[in-house]
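Chemist: Sequences listed follow chains V and Y, in order. Start counting the first sequence at 0; every next residue gets the next number (numbering that gives the first Met the number 0). Start counting the second sequence at 0; every next residue gets the next number (numbering that gives the first Met the number 0).
Watch out, some of these pointers could steer you wrong.
The list treats identical chains as interchangeable, and a pair is accepted whether it falls inside one copy or across any two copies.
Unchecked claim - Using 27 Å as the maximum straight-line C-alpha spacing, the simulated DSSO-like pairs for lysine-lysine come out as follows:
| # | residue 1 | residue 2 |
| --- | --- | --- |
| 1 | 31 | 152 |
| 2 | 82 | 108 |
| 3 | 203 | 152 |
| 4 | 119 | 93 |
| 5 | 397 | 119 |
| 6 | 468 | 397 |
| 7 | 15 | 93 |
| 8 | 108 | 119 |
| 9 | 203 | 346 |
| 10 | 186 | 346 |
| 11 | 82 | 93 |
| 12 | 252 | 237 |
| 13 | 50 | 93 |
| 14 | 93 | 108 |
| 15 | 93 | 31 |
| 16 | 429 | 346 |
| 17 | 429 | 50 |
| 18 | 390 | 457 |
| 19 | 82 | 457 |
| 20 | 15 | 390 |
| 21 | 31 | 108 |
| 22 | 346 | 426 |
| 23 | 108 | 15 |
For the record, the hints were derived by calculation from the structure and aren't laboratory data. Please read all numbers here as calculations on a predicted model, not as lab measurements.
Here are the chains, one letter per residue:
Protein chains: 2
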Amino acid sequence: MTSAETYYPNEPTTPKVVTAAIPGPESERQIKELGTVFDSRCAYFVADYDKSTGNYIVDVDNNVYLDLYAQIASIALGYNNPKLIDLLSTNEMKNALVNRPASGNFPAKELAPTLEQVLKVAPKGQTHVWSGLSGSDANELAIKAAFMYYAQKKRGGETVPFTTEEMESVMDNQGPGAPSFAVLSFKKAFHGRLFASGSCTCSKPIHKLDLPAFDWPHAEYPAYKYPLDTAENAQLNKIEDDRCLAIVEDLIKTWKNPIAAVLIEPIQSEGGDNHASAYFLQGLRDITLKHDVVYIIDEVQTGLGATGSLWCHEYANIQPPVDLVTFSKKCQSAGYWFHDPLMVPNKPYRQFNTWCGDTARMLIFGTIGEEILNNGLVDQTARVGNYMFEKLLVLQEKYPELFANLRGQNRGTFIAWDLPSNELREKLLKTLKLNGCNVGGCAEKSVRLRPSLTFDEKHVDIFIAALTKSVTQI
Amino acid sequence: MTSAETYYPNEPTTPKVVTAAIPGPESERQIKELGTVFDSRCAYFVADYDKSTGNYIVDVDNNVYLDLYAQIASIALGYNNPKLIDLLSTNEMKNALVNRPASGNFPAKELAPTLEQVLKVAPKGQTHVWSGLSGSDANELAIKAAFMYYAQKKRGGETVPFTTEEMESVMDNQGPGAPSFAVLSFKKAFHGRLFASGSCTCSKPIHKLDLPAFDWPHAEYPAYKYPLDTAENAQLNKIEDDRCLAIVEDLIKTWKNPIAAVLIEPIQSEGGDNHASAYFLQGLRDITLKHDVVYIIDEVQTGLGATGSLWCHEYANIQPPVDLVTFSKKCQSAGYWFHDPLMVPNKPYRQFNTWCGDTARMLIFGTIGEEILNNGLVDQTARVGNYMFEKLLVLQEKYPELFANLRGQNRGTFIAWDLPSNELREKLLKTLKLNGCNVGGCAEKSVRLRPSLTFDEKHVDIFIAALTKSVTQI
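Given these sequences and hints, build the entire structure.
Modeler: Here you go:
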């Protein structure tokens with residue numbers, strides 16, 4: 000039995016769209032109502048989660064869609080997963096919701112076991128966790144950890160006290176207490192929308208306009224020729240990797256302020272599903288070690304199985320392991336993994352806040368992780384992804400201009416391709432919805448597939464049929 | 000019947016400390032275990048929330064404390080509140096937890112009713128809400144809204160398009176797309192620990208050291224003479240208000256970069272329970288209107304009833320209402336209130352993220368708000384606070400040096416006072432725990448009281464007895 004059959008014996012067997020347009024009339028009405036108190040301009044439709052099951056999402060007009068977007072890549076086990084529903088009636092969950100602890104000061108007796116549970120799905124080489132609340136928050140907290148670690152090292156170790164000058168200047172937001180350290184990220188990156196994470200983000204102006212930013216640099220992320228496996232492309236892509244690595248090292252050496260950390264997504268998701276090679280990710284490890292810079296991998300969107308390994312960057316087998324790995328989305332929780340005990344700041348209350356995360360969401364993460372391990376969902380996703388990629392190669396052969404730069408081979412269901420224009424991409428996504436498939440885009444003209452880990456071969460067949468139909472309609 | 004009797008018929012009648020030291024041996028062991036995966040250095044004890052009830056928190060050594068700290072001021076209705084427990088078994092809660100929506104793109108049919116419910120406890124004059132995840136996040140989101148609003152106004156209105164120069168420069172983190180706008184906050188302020196909120200925070204160096212900050216100014220928060228109601232002090236305090244208002248206006252006029260927003264707590268909580276007068280808060284409204292600056296009130300710690308009004312700043316009856324009010328903590332959720340439709344950015348996806356808040360936590364907020372209204376808990380807190388303040392005045396008379404600057408009269412249970420030194424304050428808090436009362440400090444030498452809204456007269460009597468005993472022991 001596949002995981003979908005195990006979990007969802009009553010999952011629909013096929014999508015069903017009953018309204019002439021999407022959003023349908025009832026969604027339209029509710030979006031308008033919601034708009035009186037909330038910003039509802041981005042709503043595609045209003046969902047009825049009571050009726051949604053497994054890989055199918057149902058809207059308030061009773062349209063039933065096969066969901067390959069899964070709440071912007073954040074549903075790991077499908078809708079109404081029975082194991083997650085069971086979790087809700089536990090005492091642990093009741094305590095985390097009704098008696099939400101300030102986990103730094105008054106941790107619950109359940110906290111250590113909960114964290115030990117989530118650590119079972121930590122990336123290889125990572126042994127500790129610090130918890131936050133969202134992807135942006137995870138990246139901001141990791142950036143804080145990186146700055147404190149970097150400053151401590153520069154100061155001469157964790158026992159060297161702060162100077163009076165540092166203690167005084169920081170209260171005026173000035174150096175040396177508030178140093179002009181920088182984080183190096185990449186063009187087309189997306190790391191969140193707060194002020195440090197936002198300064199690292201570089202995918203679209205609309206995410207950043209009118210917001211003050213730190214004066215931090217964006218290096219170039221390698222842009223590969225596809226398919227990756229022809230000899231000619233392999234050679235060109237190696238040259239591209241070396242070019243981009245040289246830019247990173249040059250920025251570290253020459254940037255106006257010290258670069259404390261390098262922050263990178265192993266696949267730039269929001270920015271267009273741009274992949275980085277194992278060679279490139281290892282090259283960054285070598286450069287960051289050489290220059291004593293903290294290496295942070297952002298696995299907010301790529302993490303927890305969708306790429307066919309538990310954590311995307313594991314395919315690169317980076318040695319020694321990176322310093323910090325951030326997570327959120329499919330984990331339904333957020334935070335960062337680390338392994339060096341010195342990454343914990345030298346004094347208490349430096350990395351701290353009222354709740355220090357959300358134990359309720361960590362409990363959910365723990366159960367998701369357990370289900371992934373118990374049901375072999377990473378292997379399943381690798382297998383289903385390969386099956387889907389083969390079918391997409393056939394479509395690419397037939398419609399090369401509508402399936403350009405097909406990418407994500409051997410990366411599970413984390414697959415994307417380009418349309419000729421933004422207009423055509425939007426048209427394809429709209430047509431796919433009308434044909435019963437909820438699919439997302441990224442960057443200007445890419446389609447990204449982000450189903451849950453319970454997506455299996457029969458869902459692929461349904462999707463490929465809808466996609467084949469849709470491309471003839473646009 | 001008081002709310003504690005209604006909710007908690009089986010609440011303990013008295014605290015009970017059974018270990019010679021706190022943390023007790025079992026807490027010690029668990030804190031050490033937790034420390035292998037988490038930063039547990041700030042833990043006072045490990046709590047057993049299954050055994051905690053109403054106003055009493057129980058630790059894993061079976062010590063029973065009357066809780067006047069309530070998870071750093073974040074528990075509104077006591078532990079194991081039956082109405083919140085009932086909420087857990089609803090379909091709405093199941094959907095919000097198991098099928099966590101990306102509420103911007105695929106809002107649940109439950110979202111509009113949930114927000115309409117929380118809007119019933121919005122501050123007077125505020126009609127809309129945007130949701131976040133924590134106090135820091137709420138302030139960062141409000142600061143983003145303020146910057147976008149300010150820029151839009153400066154640009155000439157919401158229909159004026161971004162320039163090519165803005166669109167290009169912002170991708171390099173440079174102006175004019177990433178403008179050098181500033182937020183003015185106050186010395187001793189606490190607004191959170193991320194990078195924009197952290198630049199506004201100015202209470203202790205340890206919160207800020209080694210982190211880059213925006214070059215934003217901190218004005219002076221008025222420091223009053225207590226008691227407030229003597230003629231001499233009233234006159235001196237008015238002079239102090241005028242002095243501080245003049246500094247704010249001067250900074251707005253002369254700061255090196257445009258000040259887009261003023262951010263203030265009506266009572267600086269972390270910074271020492273420093274109160275601002277109605278005159279001062281209205282004065283800021285006048286100045287911000289005059290100079291076209293956004294006025295943001297941070298009610299993360301002061302909000303939702305503890306000060307004897309639903310929102311602390313309402314006592315000042317600021318006219319016209321402030322532009323943004325942030326909330327978190329007792330709301331068990333987070334976000335900001337606003338009323339000007341132009342505070343919604345002119346384009347979608349400018350104020351956006353994957354989850355756009357957490358509907359599960361908003362449902363809890365809605366129920367908390369409903370219970371507060373249905374049970375008259377704001378009035379109760381005002382009454383109980385007055386009762387407690389009277390008792391503290393008696394203690395102050397007897398031990399003037401141990402109860403200096405007693406403050407919070409007519410501010411519900413939001414009461415604080417100063418000890419002569421940090422050392423004595425720490426000793427008092429420790430002794431209070433050994434005498435069965437869990438109480439928090441703020442700033443260097445203040446004690447702050449932050450019980451839940453279900454705290455009533457009988458709890459006051461128990462606390463005052465323990466406090467009286469403790470002051471003779473330190």
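Chemist: Against the earlier hints, flag every one the structure doesn't satisfy and list their numbers going up.
Modeler: The structure conflicts with hint 5 only, although it agrees with all the remaining ones.
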